[in-house]
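What follows is the residue order along each chain.
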Amino acid sequence: MNHLPILPVVLPALAAALMLIDQRAAVQHRLGLLAALLTSALAILMLILSASDWSSVYLLGNWAAPWGIVLLADRLSALMVALCSLLGLGAVLLARSLSPTDSPPHLLQPLLQIQIAGVNGAFLTADLFNLFVFFEVLLIASYGLLVQGDGRPRILAGLRYVTLNLVGSAVFLVSAGLIYGLTGTLNLADLSGRFAALDGSTAQLAQAALGLLITVFMLKAGLMPLGLWMSRTYPVTCLPVAWLFVILTKVGLIGLLRVLTLSASESGWIASAPWLPLVALLGVLTLLIAALGMLSASSMVEMATRVVAGSAGFLAVGIGYGHEQTLAAALAYMPHGCLAAAALFVLAHRIDQGHRGTLEAIGFFALASAVAGLPPWSGFLAKAMLLVGTLAADADTPSHTLRTMVWLGVLAGSGLSLIALMRAGGRIFWSAQAQARRPHDRSAQALLVGSLLALFALTLAAAPVQTFAFNTARDLANPSVLIERMLRTSQRPSPHTELPDPVR
Amino acid sequence: MIELPISGPGLMNLLLATAVAALGTVGLYLVLRARTFETVLGLTLLSYAVNLMLFAMGRLTVGRPPILDAMSDPSSPQPAMADPLPQALVLTAIVIGFAMTALLLVLAVRAHAEARTDAADPPEDRA
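Same order as they appear, the protein sequences are chains A and B. The working numbering puts the first residue of the first sequence at 1, with every later residue one more than the last. The working numbering puts the first residue of the second sequence at 1001, with every later residue one more than the last.
These aren't lab readings, by the way, just hints derived from the structure by calculation. For glycine and all other residues, C-beta sits at the position ideal for the given N, C-alpha and C. Incorrect hints may have been included.
[To be verified] Derived DEER-like restraints, expressed as beta-carbon distance ranges:
#, chain 1, residue 1, chain 2, residue 2, range
1, A, Pro274, B, Leu1016, 23 to 33 Å
2, A, Arg492, B, Asp1069, 24 to 34 Å
3, A, Thr467, B, Leu1016, 51 to 61 Å
4, B, Thr1018, A, Leu198, 19 to 29 Å
5, A, Leu14, B, Val1109, 49 to 59 Å
6, B, Leu1011, A, Leu411, 56 to 66 Å
7, B, Ala1017, A, His3, 50 to 60 Å
8, B, Ala1017, A, Pro375, 50 to 60 Å
9, A, Ala361, B, Asp1121, 32 to 42 Å
[To be verified] Simulated coverage check for chain B against chain A, where a stretch passes if three residues somewhere in it have a Cβ under 8 Å from a Cβ of chain A:
#, stretch
10, 1035 to 1048
11, 1084 to 1090
12, 1103 to 1117
Using the sequences and the hints given, assemble the complete structure.
Okay, structure coming up:
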């Protein structure tokens, strides 16, 4: 139990290393499946524990907080690790049925595991530089995954994606360096007090550093002026990779949320972040442009890509509005957004391959209504929570202009995407039947059905999901408890070794 | 009127800052060029600039080990030790940067083979 927070990172990394020893496809697949199942089980255990007020601070190498690196397993990281691990499990299943011509199979499985390890680590860490390292781990895996299966479009997309992310990493390092130079710490909990203690020009420089950091996170999250890379990257990847990449944009947003909540001053995270309204505005912009992109999409895969961008925009609005209730709305949207987008990718690949059966038609109807945020689905509830939340936040937050823009953006975005999906549905299912170009893929079908059922279950379990989201938002909006906890966790005494006396 | 420090530790700070600025500017310019090789060179220079900056964030110290020892004089105006953390950060950043540059070079070569051009952003649909 003590080591629970580190296991979702260590297990996939270990599996990836083992896969390189024995590279037979069947062995790799079994190992991958075993690792993904174990990781998912542990992540779900963590999620269940965290729902009943459990949280854990894990000292890496047994070094106490401001000096060592700590992992923080609270509600937010438990939720995200569970989502990532479950999506990882799906990707492993999908990777098996990929035809051998589509991919050299001995690299796909290990890279998927490394990707899962990196994303889980990025969700768990509470140290700025460690966050950078996990970002690089997940990015280097994603570089490999993106070009899986080769072919001109993937290589060219990979070239652009890698270049862009290398520039992003340079900016991340500049910002982390500035923050360390100004405050002398990289631990997010320790930063909170030290940020508040800065004044004058150093405080302004610290805000600039924070702005650079937020820029990088927005680049990773695919928020609009920086998110143009997405529409040329996601559509060219093979299915398991596209499925897992759904979680990638969330890493940027959770990084943003972590840094803003933990490193902001004790006086509450809202006051200390002049960048928040900007994040919300860019979220609105992303929502609108993603919806327009859906209208102009020429294939279902492109449309699914825009759906991922749009859900990142919605999450950014919830985070950027800077109120507990809007944050809760974003968190309640998170599982729905991830699952619906991932399922849409499966459906899109099937439709683009010419499968247009009953399953596809039912799936399309369900997913289109879920993505556009129509009533029975939990996405609708989350959107309603956000709009109501902006009203509740009226007293102590941004201006009426921002609220108007959020309302317009969310409603117009939903409406436009509904129109786009209706048009696409008519074009796909009411036109002359296309011939399936590829044989049926059992695991893709199974995953489509599975994620539809999961979406349905999320809708039925609206009350627990909402409670969880509200509790998480409350934790994040009052970070002092977690900060205290992280700084107070002391080293475990080791039964085996005595510390030597200092040398005189 | 800005007074230039022409001697002492201030001069070293100025020199280092100038180097970071020059490397960063040249790197950014090259990244924005249209050919892959220049982009890779630009990214390399950019990461040099970032690494130098990270290193300087621990403050410049002369002749101090990165460990607190009994010999250091607490009353001296010089810091008693060099900050070891930025050194560790720079080491990590260098390793990651190297690996990424190698990967980007491989991709650039592959893209050249696929697209028959070394443009960093070749047209999508030309055969």
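Here's how the hints hold up against the structure:
In this structure, Pro274 of chain A and Leu1016 of chain B meet the distance hint of 23 to 33 Å, their C-beta atoms being roughly 30 Å apart. At roughly 29 Å, the beta carbons of Arg492 of chain A and Asp1069 of chain B sit within the given window of 24 to 34 Å. In this structure, Thr467 of chain A and Leu1016 of chain B meet the distance hint of 51 to 61 Å, their C-beta atoms being roughly 53 Å apart. Against the hinted window of 19 to 29 Å, the Cβ-Cβ separation of Thr1018 of chain B and Leu198 of chain A comes to about 26 Å, which satisfies the hint.
At roughly 32 Å, the beta-carbon separation of Leu14 of chain A and Val1109 of chain B lies outside the given 49 to 59 Å, and the hint is violated. About 60 Å separates the C-beta atoms of Leu1011 of chain B and Leu411 of chain A, a value consistent with the hinted range of 56 to 66 Å. For Ala1017 of chain B and His3 of chain A, the hinted distance range of 50 to 60 Å is not satisfied, since their beta carbons lie about 45 Å from each other. Between Ala1017 of chain B and Pro375 of chain A the beta carbon distance is about 59 Å. The supplied range of 50 to 60 Å therefore holds.
Take Ala361 of chain A and Asp1121 of chain B: their Cβ atoms lie about 39 Å apart, and the range 32 to 42 Å holds. Figure legend: the stretch 1035 to 1048 of chain B, annotated as covered by chain A; annotation consistent (5 residues with Cβ-Cβ distances under 8 Å, at least 3 required). Restraint check on the stretch 1084 to 1090 of chain B versus chain A: 3 residues with Cβ-Cβ distances below 8 Å, three needed, restraint holds. A stretch counts as covered by a chain when three or more of its residues have a beta carbon under 8 Å from one of that chain; for the stretch 1103 to 1117 of chain B and chain A the count is 8, and the coverage holds.
Hints 5, 7, counting from the list given before, are not met by this structure.
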